[in-house]
Amino acid sequence: MQVVAGSVLPPLTIELTPTVVISTALATRDFTPVHHDPAIAKAQGSKDIFLNILTTVGLVERYVSDWAGPEVLFRGIKVKLGVPAYAGDTLTFSGTVATVEEDEAVIEVTGAVSLGPHVTASAVIMHRFGELPADLAKPRA
Amino acid sequence: MSSLSGRTAVAGIGATEFSKESGRSELQLAAEAVFAALDDAGLSPSDVDGMVTYTQDSNDEIAVAREVGIGDLSFFSRVHYGGGAACGTVLHAAMAVATGAAEVVVCYRAFNERSGRRFGQPNARLSGEPSSQGLEMSWHVPYGLITPAAWVAMFARRYMHQYGVTSEDFGRVAVAMRRHASTNPAAWFYGRPITLAEHQASKWIVDPLHLLDCCQESDGAVALVVTTTERARDLRRSPAVIAAAAQGSGSGQMMMTSYYRDDMSGLPEMGVVGRKLWEKSGLSPSEIQTAIIYDHFTPFVLNQLEELGFCGHGEAKDFIQDGGIEIDGHLPVNPHGGQLGEAYIHGMNGIAEAVRQIRGTAVNQVAGVQNVLVTAGTGVPTSGLILSQG
Amino acid sequence: MTDLRDHLMALVDKAVAAGEGPRLAAPHPVNDTMISHWTEAMGDRNPLYTGPEAVAPPAMIQVWSMEGLRREPAAELRRPVDDVFEALDEAGYTGVVATNCEHTYHRYLAMGEKLTSSTRLLDTVGPKRTALGEGYFVTWNVTWYSGDEPVAEMMFRLLKFRPIEKVSREPYPLTPAVNGDTRFFWDGVRQGELRIQKCGACGELRHPPGPVCPSCRSAERTHIVAGGTGTVYSYVVHHHPAVPGRETPFVVAVVELPEGVRMVGNIVQYPIEDVYVGMPVRVTYQEMDDELTLPMWVPTQEEV
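Protein chains in written order, with the UniProt record's numbering: chain A, 1 to 141; chain B, 1 to 390; chain C, 1 to 304.
Just chain A, same shape as in the assembly:
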């Protein structure tokens, strides 16, 4: 696969069941009640429990690496947070290759929920063995 600026990543849709919201919060060791206790979340003015930030960053990594494959290493991930991603909503990731340089590429990612963009992110990736990004591995099935 040729990675060129402007290439579009296949979209990824994640149904944000309560299980997803809670299991990711606990797997990131974030025990803040708004991520697992609907009554407390609502009492604090939220519609429901919602994704924590550590998970948002984790899902951005997963989205890019699902596409790029295990030969690619992450140099950095920057996220800007938008509307909350509530349980019961659907989170849809889309992405494009923004820039491709000799030793790294920048992927821009948006994760949208029904209320609008939940996250806009950019991930800097490089090939594991220092090969040209243009030779990035094919996506896994």
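Hints were generated in silico from the structure; no laboratory data involved. Check the hints yourself; a few may be wrong.
Mimicking DSS-like on lysine-lysine, the simulated pairs with C-alpha atoms at most 27 Å apart in a straight line are [claimed, not checked]: (1) A/Lys78 with C/Lys128; (2) A/Lys47 with A/Lys80; (3) A/Lys80 with A/Lys42; (4) C/Lys114 with A/Lys78; (5) B/Lys203 with B/Lys20; (6) C/Lys128 with A/Lys47; (7) A/Lys80 with C/Lys128; (8) C/Lys114 with C/Lys14; (9) B/Lys203 with C/Lys128.
Using the hints, position chains B and C against chain A.
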């Protein structure tokens, strides 16, 4: 086809006092103004057979007729679009008189716009109904873009950006109007001129508009009597002949929010009015000695001078420099003080002033007045008028 | 207000000058159990994270130093940034919303590595007027070490805001009238889509929409979803009079979209005095009550 030009005239004008609290009903204000206009003309209520007002007026023609003692009516009509109706009422009256639909038509506007329903206050119901206007407002009102000052400010910011106009340029309009009002005993701001520094220091209403860019909400009423020029010549007052009257709406027109046209820095609807007025009257801007330019907010005075051809687009800021529109300037505008200085009676008080200027009886009389141009509400479909010596 | 700001900025200066705080030890070394919990929950099947040569997912970096349940940092391990948070809480800036998180990975981590982390305050900016209420943006940096080697960094920014007092879910008073000609737009907004009417026959885009195409007379309507960017074409700052459902002052703008239409909307989450004609913006959405969502605009460049 015969022209309307010159065939009809304003034969009488009348008004109540202008205040912040009239202390009486809008219907009473209307009746008082109509009585005064008929007395001015030397006509009696039984002479009246036609009536015109604004769609926004809360006094039905028949209600005013009952109070005043007007009997049979063979013509009644309403003109839409807020203050844009002002000169339109005279156009409708003149057409009725010229065609014989009626002989003596009274135009009136009466409201307790300060002590009753204030136009300057937000009204959440503006966007409430799925009428064409409610739907139009629904693209603006939900965002809090809900007051006339805000609607005008949106145009003003773009105009400033496009032509390098400043808040001080708007301030010069306010200073001129308040100077004129300061010597007009009928004006709310009689004896209270302002400086440009005071304008600049006044609080923001809707940035870029300061408090002193906005007219005062007022209570009051004004009425006019329109009849044939021939008949007017036999009445008490010398006639103010209607040399031209026109309405105007532009492409992509909305009520105060025509933000979707290619160019947002003009008032094309006033351009329509201007072209009609010049064509029908055979006059040109240089033949106008004084103009009554609708001034509910200062910025649109500049736009109107441009649309009417008194100067080119973007040139109004220079036109109004150095007292250009003050009583001793090259085009005295609103010698009575306008709506910024005298009162906001939805433009109707400006028509009365134009008649006084033609008669030579204004408190701030401009010398040698032959022709006066009058405009109506801006940002909406509007209207205009040229009155001439008869 | 000035007193608070001065007090706060003194604390900020002190905290910034203090530089890195104490290095806190991560509760657990990098380990395959926590990694597999994480990859399962995330749905991440990257083979790099399993097997004898496994490395840790880089995005997990912050997980290693999470304090866990019931764990309070010891008093002597208080971070410099904590004084700033405490002062903001006391002044009523109790609301918190994270705005940015930026990870930089120097290298991947192997099983068994024992990490420490250290925080230093970068800056605090405010008070800024935001859609949530007035607040301060606090930005800090965390560095993770393996031994003395820095292995990852994180810049984190959040807004500490004074919540706007309002009865929750009070109906928003400025509702639009909606009919069959305009419903598609409001439905779209609720779904996070900014829709522009498109003529089904000639393809002309039009906003505000209407039932009949003025170019070709077709009443067949469809729509496109706008890219969500635009430029401020004109704007106002509303100060007076009070507007129901709104806190003054607020900004309303005419936004020109690259699709070729203009729309009116509010500029939010941005200092009012910094708005200008020509400013690039992108759409966001705000739930006004249970029924109404409004599109709003924020500057494209995140400025804090």
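Worksheet entry | 27 Å limit on alpha-carbon distance, applied to hinted pair B/Lys203 and C/Lys128 | 21 Å, holds
Worksheet entry | Restraint status (C-alpha distance of A/Lys80 to A/Lys42 at most 27 Å) | This hinted pair holds, its Cα atoms lying about 24 Å apart.
Worksheet item: Given the hinted pair A/Lys78 and C/Lys128, is their alpha-carbon gap at most 27 Å?
Response: Status holds; Cα separation ~23 Å.
Practice prompt. Would you mind confirming whether the straight-line C-alpha gap from A/Lys47 to A/Lys80 stays at or under 27 Å?
Written response: 21 Å, holds
Worksheet item: Within a Cα-Cα threshold of 27 Å, do A/Lys80 and C/Lys128 meet the stated pairing?
Response: 18 Å, holds
Worksheet item: Given the proposed pairing of C/Lys114 with C/Lys14, does the C-alpha separation stay at or below 27 Å?
Response: 30 Å, violated
Discussion item. For C/Lys128 and A/Lys47, compute the direct alpha-carbon distance and say whether it is at most 27 Å.
Written reply: Distance ~26 Å between C/Lys128 and A/Lys47 Cα, so the pair holds.
Practice prompt. Given the hint that C/Lys114 pairs with A/Lys78, test it: the Cα-Cα distance must not exceed 27 Å.
Written response: With Cα atoms ~25 Å apart, C/Lys114 and A/Lys78 stay inside 27 Å; holds.
Worksheet item: Keeping to a limit of 27 Å between CA atoms, is the pair of B/Lys203 and B/Lys20 held or broken?
Response: 21 Å, holds
In terms of the numbered hints stated before, the structure departs from hint 8 and from no other.
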